[in-house]
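*Asks:* Residues per chain are reported as follows:
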Amino acid sequence: MSNYAEYVVKETSSNLWRNRVTTIAAVVTVMISLFLVGASLVLRQGASNAEVQWHRGTQVRVWMSPAATPQEIAAVKVELSQAPYVTDCGYRTQLDNYQEAQHLLPPSVFNVLKVSKVPSSFNCTPLTGPDAAVVYNEFIGRPGVFNVTAPFATLRNDQRYIEIAQWAVLVVALLLLISSAVLILNTIRMAILARRREVAVMKLVGATNWFIRIPFIFEGLIQGLLGSLLATGLIIGGEELWRTLADPNNPQAIGYQMLLSNWQLLWTVVIVVVVGVAIGSIGSAIAIRRFLDV
Amino acid sequence: MGPQRLVRTPLMIQLEHVSKTYKGSQPALKDISLFIDKGEFVFLVGASGSGKTTFLRLLLREELPDSGKIFEAGRDIVNLPKWRVPYLRRNLGCVFQDFRLLQNKTVFENVAFALEVIGRPKSVIRSQVPQVLELVGLADKAARFPSELSGGEQQRVAIARAFVNRPLILLADEPTGNLDPKISEGIMQLLDRINKTGTTVVMATHDKALVDRMRLRVIELDHGSLIRDQLRGVYGIDDAGAVR
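The listed protein sequences correspond, in order, to chains A and B. Letter by letter, the first sequence follows residues 1 to 294 in this note's numbering. Letter by letter, the second sequence follows residues 1 to 244 in this note's numbering.
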């Protein structure tokens, strides 16, 4: 190891040890704030995963009036088969829907139902969630079309709740990130104060500005890095716990649908580490600029 | 006001019409012009507040003058870019009244620190530090901490640290101010010895006995003005002092 590398390692570690209480406080704050940043990212990606799943499972139904003529039914069929915003349109006859109603309706209602009064339908999968609304707007009121249905409200509500939760976590995380940067700034300031005699001697004997600054920059950087590594541990642990608790036998459950892929988890970890190092560097850079006059 | 130069020797320090005023106070230095040759020993005398420390701070480039030029070893230090200042200081050694030693480092480490922080290799440190400790008479106390040394010994360590990089100029700001006369005499002898190696020494002092006994060049400041520059002067005004 070169003289300088040895010097930086020695000085940085002694600074960290000398200010260990504030260092621990800074690292813990960085950890919590970055955990929340990570949680926000996990929530965002999980919601996106779940949204894809919901959209995959969402069916839009174009109900044909029981009195619709075969020509009207054929016209709707042709148009749906050519529409770019839906796939897999299957036609369900009046009898099919009558049999389905047997499972859905109470016997008192079902018993008075006649096959001839039940509408037939086209069950289609929209390409994306909003495409369900396009189908509605395109087909409602067409000759022979009785109604167009899709779980619009459920989709909108679930997305809204996740969006609110995600923003709330992000705002708290940002506030904590600012606190982390201030805490790191303060520990660097204390380190500078504790070493002011050494810094004065270094200046007198001709140490360059960067020679003096680098151990302090490393100190902030290490605090940020340590905090982010701990936060990474929490995020991975949390995701594992979620994976364990999610029921694979119930793939429709939101907890299962929100699980992240390994790539998504890796991406989150990379962002958390980069943000941690950036927070540490920014905190120490401000401290050096304000308190280390070289 | 400066003495006439009769012999052409290389200039080490040159000030041309240097003035300095700190915000909201009287001028610290007023239109100072002088030169100091290579290898000279100069006493800087004057009452407290006369501008001695400002003079040294300007030479160290810790301050910039409001006007005028300062040259050290032929280099204009006023217009020196900030990033070059550390390299300038590697040619300057500094000694202070309060020693400014690092209490958590041994004598050897204190001296070695001056070489470490300018990136000197370990082999150089291992050879130069014992040599300079030998010069200042502390070879046997290399492992001691400053708190285990007397005031005179601590000042010797400070001188060793200032000299270990073999600077062209040694600046001393009242180095005997905290020491008794006998110890001061030893420090003076040490600075004289360093001067004999060719290092230019500028020493601010209030020590009348020392200045009177050495009969070296004396520059006197009063309220920021240069009022006397004598070749073999004494602490007070001495009409008999030879003028170059």
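Keep in mind that a hint or two might mislead.
Pulled a few chain B residues facing chain A out of the computed Cβ check, cut under 8 Å [as the list claims (entries may be wrong)]:
(1) Arg89
(2) Glu116
(3) Val117
(4) Lys122
These are computed hints drawn from the structure, not numbers from a lab. We put the beta carbon where it would ideally sit given N, CA and C, even for glycine.
*Asks:* Does each hint fit the structure? Answer for all of them.
*Replies:* Comparing the hints with the structure gives:
no.	hint	in the structure
1	Arg89	4 Å, holds
2	Glu116	6 Å, holds
3	Val117	4 Å, holds
4	Lys122	6 Å, holds
Hint compliance for this structure: no hint is broken.
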